[in-house]
Structures are given as C-alpha cells and as structure tokens.
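Let the hints inform the model, and build the full structure from the sequences given.
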Amino acid sequence: MILDGHCHVASTDFVPRAFIEDVVDSMRRRLAAVGRAPAREALVDSYLAQHQDHDADRLVAEMDAAGVARAVLLVPDFGMVMAGRLDLAAMARRHHEIRQRHPGRFWVYLGADPRRGERGAREFADLADRYAVDGLKLYPPCGYSPSDPALYPYYEECRARRMPVFVHIGPTAHSLSFPFAHPLLIDRAARDFPDLVFVLGHGGVSHVDVTAYLALHRRNVYLDTGGFAGTPDGDWPARLNRLFRLGLNHKIIFGTDWPLNQLSGGMRRLLDRVVHGPEVFAGVPHGDRALLLGENLLRVLPPAPNRSGREAGAGAAS
Amino acid sequence: MTVDTEALHAELIEWVRSWNEDESTAEVDLDTPLLANGLLDSMGMVAFVSHLEERTGKPFDFSTYMPGPTASIRTLLDHCLGR
Numbered sequence: 023m024i025l026d027g028h029c030h031v032a033s034t035d036f037v038p039r040a041f042i043e044d045v046v047d048s049m050r051r052r053l054a055a056v057g058r059a060p061a062r063e064a065l066v067d068s069y070l071a072q073h074q075d076h077d078a079d080r081l082v083a084e085m086d087a088a089g090v091a092r093a094v095l096l097v098p099d100f101g102m103v104m105a106g107r108l109d110l111a112a113m114a115r116r117h118h119e120i121r122q123r124h125p126g127r128f129w130v131y132l133g134a135d136p137r138r139g140e141r142g143a144r145e146f147a148d149l150a151d152r153y154a155v156d157g158l159k160l161y162p163p164c165g166y167s168p169s170d171p172a173l174y175p176y177y178e179e180c181r182a183r184r185m186p187v188f189v190h191i192g193p194t195a196h197s198l199s200f201p202f203a204h205p206l207l208i209d210r211a212a213r214d215f216p217d218l219v220f221v222l223g224h225g226g227v228s229h230v231d232v233t234a235y236l237a238l239h240r241r242n243v244y245l246d247t248g249g250f251a252g253t254p255d256g257d258w259p260a261r262l263n264r265l266f267r268l269g270l271n272h273k274i275i276f277g278t279d280w281p282l283n284q285l286s287g288g289m290r291r292l293l294d295r296v297v298h299g300p301e302v303f304a305g306v307p308h309g310d311r312a313l314l315l316g317e318n319l320l321r322v323l324p325p326a327p328n329r330s331g332r333e334a335g336a337g338a339a340s
Numbered sequence: 641m642t643v644d645t646e647a648l649h650a651e652l653i654e655w656v657r658s659w660n661e662d663e664s665t666a667e668v669d670l671d672t673p674l675l676a677n678g679l680l681d682s683m684g685m686v687a688f689v690s691h692l693e694e695r696t697g698k699p700f701d702f703s704t705y706m707p708g709p710t711a712s713i714r715t716l717l718d719h720c721l722g723r
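Chains as they are written, first to last, in my numbering: chain A, 23 to 340; chain B, 641 to 723.
Don't take each hint at face value.
As the list claims (entries may be wrong) - Over the 12 Å line for every Cβ pair with chain A, so calculated as not near, a few chain B residues:
1. Asp-644
2. Glu-646
3. Leu-648
4. His-649
5. Ala-650
6. Glu-651
7. Ile-653
8. Glu-667
9. Asp-669
10. Asp-671
11. Pro-673
12. Asp-718
13. Leu-721
14. Arg-723
As the list claims (entries may be wrong) - Derived contacts from chain B toward chain A, CB cut-off under 7 Å, selection only:
15. Leu-675
16. Pro-707
17. Cys-720
These are calculated hints, taken from the structure and not from any lab test. From a predicted model like this one, the values you see are computed outputs, not experimental measurements. Quick reminder that beta carbons are idealized off the backbone N, C-alpha and C, glycines included.
Below is the structure:
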C-alpha cells in the first residue's frame with residue numbers, strides 16, 4: 023500500500039493567482055534563457071488551466087493509476103500575503119466536501135498564519151474539530167518563523183489533538199521570503215513541544231545536510247520527499263537513493279507534491295520509477311520500503327480512530 | 641486557424657530535435673515516447689505544449705489529459721486538436 027504524504031488539490035480555488043504567476047515567471051525566465059519563452063499571458067492561462075481540478079477527481083484518477091491508496095491534502099494559508107478566492111473556513115469546508123466525495127482517499131492538513139493571533143488559533147481549532155482535520159500546515163515563507171511564539175497557541179491545539187505540524191522549508195515562489203524557510207528555524211519549537219510531530223516539507227530535497235541531522239537527533243522531527251522530481255536535471259532517482267541510505271528511513275515520509283509533475287508523466291510515471299525502477303531502492307533494506315511508502319505517515323497521523331477512519335497511531339514523537 | 645497537419649508534424653519533430661540541440665541519440669518520430677526517452681523533461685513539456693497551443697491556435701485541455709510515460713508528438717497534438 024502506497025500513501026502520499028504531500029499533495030495539493032490543483033484548483034484556483036485554493037492556490038492564489040499570484041502564486042501561480044510567480045511560478046510562471048520562474049518558468050518563463052528558464053525558457054527565455056534557451057530562447058523558448060512563450061508569451062507571459064499564454065503561460066499564465068496554461069498554468070491556470072492546469073488548476074481546475076476543483077473536486078480532486080483528476081487527482082483521484084492519478085492516484086488510482088499510480089497505485090496510491092490515500093494522500094494528504096495540504097491547504098496552505100497564503101491569505102496574509104496573497105489574495106485568494108476563498109478564506110480559510112471556506113477552504114476547510116471544501117476540502118471536507120472533497121473527502122466526502124472521495125471517501126477514504128484523503129487526509130487534510132489545514133493552514134494557519136500566526137499573525138491571525140489567538141483568534142486565528144481558536145478558528146483553526148474549531149475548523150479542525152468541525153471537519154476532522156488531521157494536521158496543521160504552515161508556510162513560513164509567507165513571513166514568519168515556525169518557532170514564532172505566536173504559533174504556540176496553535177501548537178497547543180495540535181498537541182491536544184495529537185495532530186502533526188507540516189512546515190514548508192526551502193525555496194518557493196519568488197515573491198515570498200526565503201530566510202523563514204530555513205529548516206533550523208524549527209529547532210526552538212521542536213524543543214518546546216517535544217511531544218508534537220513536526221514534518222519538514224521538502225526536507226528530503228532542500229537543505230538535506232541540515233534536515234537529516236534534525237531528523238536523526240530530534241525525536242519529533244520528520245522530513246518529507248515532496249518535490250523530489252522537480253529538479254530540472256532529471257537525476258532525482260539517484261538523489262532519492264542517497265537520501266534513503268542515510269540511516270533515517272524511520273523518519274522520512276514519502277510525498278509527491280502533486281500537482282507538480284502533472285505534465286511530465288504524472289503520478290503514475292513517478293511511482294513506476296520509484297517502486298519498480300532500478301535506482302531508488304537500490305541497496306535500501308527491503309523492510310524500509312514499507313516505512314517510507316506509508317508506515318511512517320500512519321505513525322504521525324492523529325490516533326483517534328474515527329477522525330478520518332484510521333487506526334490508532336503508535337506515538338511518533340515518543 | 642487551419643492546421644496543415646503534415647507540415648506541422650515535420651515542424652514538431654524538428655522542434656523536439658532542436659530542443660535537444662541534436663545531442664540526444666534517440667530517434668525522433670511522431671510516436672517516440674518523449675518522456676520515457678528523455679527527450680523532454682517537465683520544462684520541455686511546458687515549452688512544447690505552449691508551442692502546440694501557439695501553432696494550432698487551440699488551448700490544450702488539461703482537464704481531460706492524463707499524462708503518462710508514452711506521451712508522444714502524435715498523442716499530444718491529437719489531444720490539443722481534440723481528436
């Protein structure tokens with residue numbers, strides 16, 4: 023059974039246009055360097071057209087084709103820096119409806135921003151309970167540290183529900199703030215909340231020298247592989263293989279960062295190369311594959327059996 | 641916009657060859673798997689689809705496109721033309 027710990031619904035209802043335009047500008051600069059830049063508006067339209075899967079039907083079809091049983095949907099809160107179509111409450115409701123439309127296929131980590139203050143923490147807790155949310159998603163490049171004390175009320179709510187905290191690290195849209203995306207910024211919070219699980223999103227791809235020792239030496243810090251195939255040189259199987267031979271396979275959660283790679287073969291092509299290709303698991307103990315492709319994720323999810331239909335967790339931070 | 645399919649086929653094959661700066665040893669024809677043969681990566685696919693849209697004057701329908709390792713010039717063009 024394969025579980026994907028890092029997906030997004032490819033919908034302009036959840037991804038701000040400004041974020042998509044940032045992505046387009048980066049791609050267009052790369053294409054311009056080789057003399058192939060399309061008109062900006064045409065490229066924006068193309069990317070917007072790739073974000074019309076509002077009910078996650080296409081994502082489920084991709085998961086079925088790739089053999090992915092279930093996935094985590096991440097719902098970042100960009101609202102303080104980028105205008106979006108929906109507020110957080112509406113996004114939470116829509117993701118709940120997506121889960122009802124596709125029973126048993128998704129967990130949901132809902133976003134937050136510490137600048138919304140204690141009222142924001144209460145709203146997050148209310149939405150988490152109303153919609154049986156499974157985790158907190160943070161996007162520090164929006165302008166805050168994941169160890170900002172203003173986040174601690176949110177962390178208390180997560181601790182009370184044994185929900186993991188998923189923290190984006192590494193590069194992102196060019197208009198956002200990269201210094202807040204450094205993985206070491208999690209250290210204070212990880213020490214202050216030793217019984218709360220922190221998952222470093224993209225930690226298997228960016229700053230791996232730092233994320234690896236954090237995962238090895240902080241019992242409550244995990245990392246994920248989201249975006250592993252997003253590098254332009256196509257050498258990602260070898261890089262994943264190096265990651266899986268660092269001795270921390272009990273702390274790595276597999277994730278694709280869908281809808282990344284939707285044009286370049288989709289989830290099926292990625293999973294074919296991961297599971298059946300010769301490189302990714304070369305020299306990796308066979309038992310570690312189950313940890314990487316699902317068991318580690320199950321261990322960090324909240325334990326209540328009826329929240330999202332999963333069995334009790336095993337105490338990932340203990 | 642009227643599309644001369646035969647001429648477009650030849651042009652698209654040349655586009656893929658040119659994208660690879662003639663460095664790839666893979667043969668390129670209408671049915672060559674572009675991804676599996678390493679002729680296009682994700683950036684190349686973005687550029688190629690943008691080129692298809694520009695040349696055909698039709699938007700690529702992403703909502704019905706299921707990507708796979710066997711994507712070729714023919715399958716991508718047919719999808720863009722709604723065939």
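Hint check results:
Separation of Asp-644(B) from chain A is adequate, the least Cβ-Cβ distance of about 21 Å exceeding the 12 Å criterion. Distance to chain A confirms Glu-646(B) as a non-interface residue, since its nearest Cβ pair spans about 24 Å, more than 12 Å. Taking the minimum C-beta to C-beta distance to chain A, about 17 Å, the non-interface status of Leu-648(B) holds against the 12 Å cut. No Cβ of chain A comes within 12 Å of the Cβ of His-649(B); the nearest lies about 20 Å off, and the non-interface call holds.
Look at Ala-650(B): its CB is around 19 Å from the nearest CB on chain A, clear of 12 Å, so calling it non-interface holds up. At the 12 Å boundary, the C-beta of Glu-651(B) stays outside the reach of chain A, the nearest C-beta of that chain being 14 Å off. Chain A leaves Ile-653(B) outside its interface by the beta-carbon criterion, the shortest separation being 16 Å against a cut-off of 12 Å. Residue-level check passed: Glu-667(B) sits 19 Å from the nearest beta carbon of chain A, beyond 12 Å.
Consistency note on Asp-669(B): stated as away from chain A, and its beta-carbon is indeed over 12 Å from all of that chain's, at 19 Å minimum. Non-interface status of Asp-671(B) relative to chain A is upheld: no Cβ of that chain comes within 12 Å, the nearest being about 16 Å off. Non-interface status of Pro-673(B) relative to chain A is broken: a Cβ of that chain comes within 12 Å, the nearest being about 10 Å off. Separation of Asp-718(B) from chain A is adequate, the least Cβ-Cβ distance of about 16 Å exceeding the 12 Å criterion.
For Leu-721(B), the shortest C-beta to C-beta distance to chain A comes to about 16 Å, beyond the 12 Å cut-off, and the non-interface label holds. The non-interface label for Arg-723(B) is consistent with chain A: the shortest C-beta to C-beta separation is roughly 19 Å, beyond 12 Å. Interface restraint check: Leu-675(B) against chain A, minimum CB-CB distance 5 Å, threshold 7 Å, status holds. Given the 7 Å rule on beta carbons, the hint for Pro-707(B) holds: about 4 Å separates it from the nearest Cβ of chain A.
Interface hint status for Cys-720(B): violated, as the beta-carbon distance to the closest one in chain A is roughly 11 Å, over 7 Å.
The structure is inconsistent with the numbered hints 11, 17, although it conforms to all the rest.
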